[in-house]
Amino acid sequence: MNREQMFNAAMIGALVIVPLWAHLVDEPFYITLATRAAILALAGVGLNIVLGMGGLISLGHAAFFGIGGYAMGILASHAQSYEPILMSPFLIEGTKFMPVIWLVAIVAAGLAALVIGALSLRTSGAYFIMITLAFGQMFFYFAISWPSYGGEDGLSIYVRNGFPGLNTLVPIQFYGLCLVILILALGFSAMLARSAFGLALNAARQSAERVETVGIQPFRLRLMAFVISGMITGLSGALFADLNRFVSPTMFSWQTSGEIMIFVILGGVARLFGPVVGAVLFILLEHVLGGLSEFWHVYLGLLLLIIVLFARGGIIGLIAGREAAHD
Amino acid sequence: MSLLSLTSVTAFYGASQALFDVSLHLAEGEVLALMGRNGMGKSTTVKVICRLLPVRSGKVVFDGCDLARVSAHKAAQMGIGPVFEGRRCFPNLTVAENLIAAARPGHWDRSRIAGLFPRLEERRDQWAASLSGGEQQMLAIGRALMTNPKLLILDEATEGLAPIVRQEIWAAVATLKRETGLAILVIDKSLKELSAVADSAAIIERGSTVWSGPLGGLTSDITDQYLGV
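The listed protein sequences derive, respectively, from chains A and B. Counting from 86, one number per residue, gives the positions in the first sequence under our numbering. Counting from -4, one number per residue, gives the positions in the second sequence under our numbering.
With the rest of the complex left out, here is chain B (with noise of 0.2 angstroms):
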């Protein structure tokens, strides 16, 4: 069954068209891999999930509810927990401030983000503007968790970060698919990485989603005419 199923959406910013035509579907327990070139409308895609951005036309649907009169913040109720580019902690609370403030019941608590992320714990009386940017990262997703989503999003959640904490990320990422069966959404650059967890994938090109399926389909002339350089 789908959980999240994106049916031609079309988004706007003002008088701007983003989003011309975006089809996703992603089932419970999968990891699907949103990729493009820069500016291709992937984060817009995500905004438009956890409606920070409304849609003009088309469906979006998640857990059987359709989103279009959905607020962000009933989204993020229902179930949708995104981590967004930049590493948006709260940067004036504590790393267990912002876990507590956005702690919801269920099966993720600040233990098991301790056991997913020991290095937050390690930290977990120091203010999140002062950590590192891969500690500042580790806290956004384990901030997402706190909210015990049924759909995580992680957009672009290694860019920028050193090789050794993307390894670390990218370990939690499988930690979390082969223990918890956590539907993802991911969204990174790197398909070295990308394929050791994701099960689908899905291409977004100026605002529409041109390819989609397996990952195992995607083969390199794909790869070389929407993500190359």
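Isolated chain A, as found in the complex (with noise of 0.2 angstroms):
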């Protein structure tokens, strides 16, 4: 076990303890901050596999971010007020049943970044991350003028949608579910960085020219990264509109896609553990410094100043050493 794992495996029981721990002392708000550092995780776990394997720079993962959101606000807000989504051609009706709704936030997020990804990655560098950022704002106006769906002011849902076996609304139960989700998506994103896949994608991200002499599309491994990433963001997207059982426009700006970004490179872009560190320690500074001045962007600004100055491997590889050549 080299320093990287035993630090990613410290994580995981910090991110189950932590949590136990409140719930024991009777602490409902740290389940709620441990759940919303979870789900921005998840978040930063689908941005990082176009990131940092395929060293795309997205500045509009906020599309699929507030697509999942409203896949679950749309089918929670219709089973809420017993209104069909759709009456004809066929009967289409809201449901509250998760599994439901994160299989409609993954399918949705995923066609949207195969749309998205087939115009954009045709593109690279700078035009790359403009066209990105356009399409989240192009989302993001949508949902603002979409008076159905709450237009600006947003949506809000009364209830938490349900999970066979738990009672969703007591918040470690609801932690618990958004943690294994979590280590799913980690469990998955560890096992594609090892695949052919996956280091076809980083050698691509290194010489795409080589990569095409080896008998690989770029344009067509990128594609499928950007869909895959954008299928897990949804989810963390469903996720998130979940814990707050309100979904906004908000969720598509272009500040969250920058958000998600943030997370991976202050905890380490390309590595396993990176956006896990760096939700944690968005989260952990939102709640300290958020409480001594309202201008707390500004010590996070410093920090990633710090951390992209003086550590390029993000807090792991500051913590762990820069083991990973794959940075």
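Because the hints were derived from the structure by calculation, they are not lab data. For glycine and all other residues, C-beta sits at the position ideal for the given N, C-alpha and C. Fair warning: there could be bad hints in the mix.
Said to hold, decoys possible - Estimated spans, in silico, between C-beta atoms of each pair:
hint, chain 1, residue 1, chain 2, residue 2, range
1, A, Leu389, B, Gly81, 33 to 39 angstroms
2, B, Pro113, A, Met215, 46 to 52 angstroms
3, B, Ile159, A, Asn87, 47 to 53 angstroms
4, A, Asn87, B, Ala157, 53 to 59 angstroms
5, B, Ala124, A, His372, 39 to 45 angstroms
6, B, Gly81, A, Arg88, 33 to 39 angstroms
7, A, Ser209, B, Ser106, 46 to 52 angstroms
8, A, Leu389, B, Thr2, 30 to 36 angstroms
As the list claims (entries may be wrong) - Residues on chain B that point at chain A, a partial pick, calculated with CB under 7 angstroms:
hint, residue
9, Ala67
10, His68
11, Ala71
12, Phe85
13, Glu92
14, Ile95
15, Ala96
16, Thr142
17, Trp206
18, Ser207
Hints are included, so try docking the two chains, each in its own frame, into the full complex.
Right, dumping it as structure tokens:
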């Protein structure tokens, strides 16, 4: 076990023990903080697939996060009001059943990622960043001008959606569900990184031309990665909306895309647990510094600057050393 | 039957013409030495074959298929396995990962590559960037073989390497020829080493093929005229 693996194991331990402690001492607020961190980490795990493995700087991942959120919001609001989403040509009703909501969120975000990726991945560098940003903003303005689902004010959901065998209104149970999903996503991400697909994606980041000469089309590879990444981020959006029981156009905003990227950079780009460390740190800073000053983002910016300048492997790189040459 | 055939090929880098009239023919199982002085168009010819540089006029046919509209990755899928000048591995992947990333189904797998280059197996968990020049070249050849090509292209595979490593690589090329019958297009400056493995040769001078034929037909007059410094 190397230092990074030990650190990752400790991180998992902390994610299990701290919320359990909060549950035992009846401090649900800390469980909610941990839930928020786990869900945002999941969004970061999604982004890390394209950013870390593929070297693609997407500033439009809020689009998938928001699509996941709105998938939950739309399905749950219709279930709440008993009004079908669609009457003809066939009946589509709302639902409060989490697995169905997740599936819809994943598929919708995946389809959006397929379209956005198919167009944006034909470019690279600054153009790719701008196109993904533009798509994110398109969704943002669309959500603002969509009065049926709250427009600018967003959409409130009064009851948390259900999962078989769990009372999702109990913070520790909902947290447990989110943590299991995060761990599964981390496992999937680790498997992906070691697979021929992940290695080729990493190789394409280093030299697309060399990858072509071994018979792999970099565009198709990146598009697949973009879709997988969008799906994971979409799922996190659905969970985030469920946590807050509220969705709003803010989920689509470029600030959200930036925050997801900050988690990854703070924790360590291409590091498996980079997004987890980044999201936990972000939530801690928001909680601690946010209580001291409303300008806490200034300190976050300063920290980000220090990390980018002096710890290119992020917090994990700093702690575990630069063993992963995948940086 | 001809596996690769180039007929009167011309190619340009932007507005500047690099190939004027290149013609080559390589049969299945044949080892063809492509020779010429520096800057005469050998590596450009390889780029044209690999579809990294478009053909302006003339024809490139591989395994019965005109490559004019084929993309670089399709050409590789069809069986063209290049090893470019300068040991271009994926530096941030380990040796094993470099091989896995390129793997396509067929005769060549990691265990066979380990048989050909035992040193790679010893270094399997080492980053490619940390290998010696010779080991990186072995890895580049191994990676090309992992695509299970019908044609292996070695562009200056031994350039800048220590004599002992050069010997190792030439021995591997000889093994490939003897045991697998793989067609090989090899570019190198060492006529002595080429003579040991090549069946035929072609000489490129200022972007045009000026001589081609069986290696035995390469007289000292020709080598002095086209390959002498």
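Checked hints:
In this structure the hint that Leu389(A) and Gly81(B) lie 33 to 39 angstroms apart at CB holds, the actual value being about 37 angstroms. Taking the beta carbon of each, Pro113(B) and Met215(A) are about 49 angstroms apart, inside 46 to 52 angstroms as hinted. A hinted range of 47 to 53 angstroms is violated for the C-beta pair Ile159(B) and Asn87(A), which are about 34 angstroms apart. With their beta carbons about 33 angstroms apart, Asn87(A) and Ala157(B) fall outside the hinted range of 53 to 59 angstroms.
Range check, Ala124(B) to His372(A): Cβ separation about 41 angstroms, and the 39 to 45 angstroms hint holds. Checked against the hint of 33 to 39 angstroms, the C-beta distance between Gly81(B) and Arg88(A) comes to roughly 34 angstroms, which is consistent with it. Under the hint 46 to 52 angstroms, the C-beta atoms of Ser209(A) and Ser106(B), about 37 angstroms apart, miss the expected range. In this structure the supplied range 30 to 36 angstroms is violated for Leu389(A) paired with Thr2(B), their Cβ-Cβ distance being about 58 angstroms.
Contact between Ala67(B) and chain A, as hinted, is supported at the beta carbon level, the nearest pair being about 4 angstroms apart and thus within 7 angstroms. The interface hint given for His68(B) holds, since its Cβ lies 5 angstroms from the closest Cβ of chain A, which is under the 7 angstroms cut-off. A hinted interface residue such as Ala71(B) counts as satisfied when its beta carbon comes closer than 7 angstroms to some beta carbon of chain A; here the least separation is about 4 angstroms, so the hint holds. The closest approach between the C-beta of Phe85(B) and any C-beta of chain A is roughly 4 angstroms, which is under the 7 angstroms cut-off, so the hint is satisfied.
Taking 7 angstroms as the C-beta contact cut-off toward chain A, the hint placing Glu92(B) at the interface holds, the least distance being around 5 angstroms. Interface restraint check for Ile95(B): the shortest CB-CB distance to chain A comes to about 5 angstroms, inside 7 angstroms, so the restraint holds. A cut of 7 angstroms between beta carbons decides the hint on Ala96(B): the least distance to chain A is about 4 angstroms, and the hint holds. For Thr142(B), the shortest C-beta to C-beta distance to chain A is roughly 5 angstroms, which falls under 7 angstroms, so the interface hint holds.
With a cut of 7 angstroms, the hint placing Trp206(B) at the interface with chain A is violated, because the nearest CB-to-CB distance is about 28 angstroms. Among the interface hints, the one on Ser207(B) is violated; its C-beta lies about 25 angstroms from the nearest C-beta in chain A, farther than the 7 angstroms criterion.
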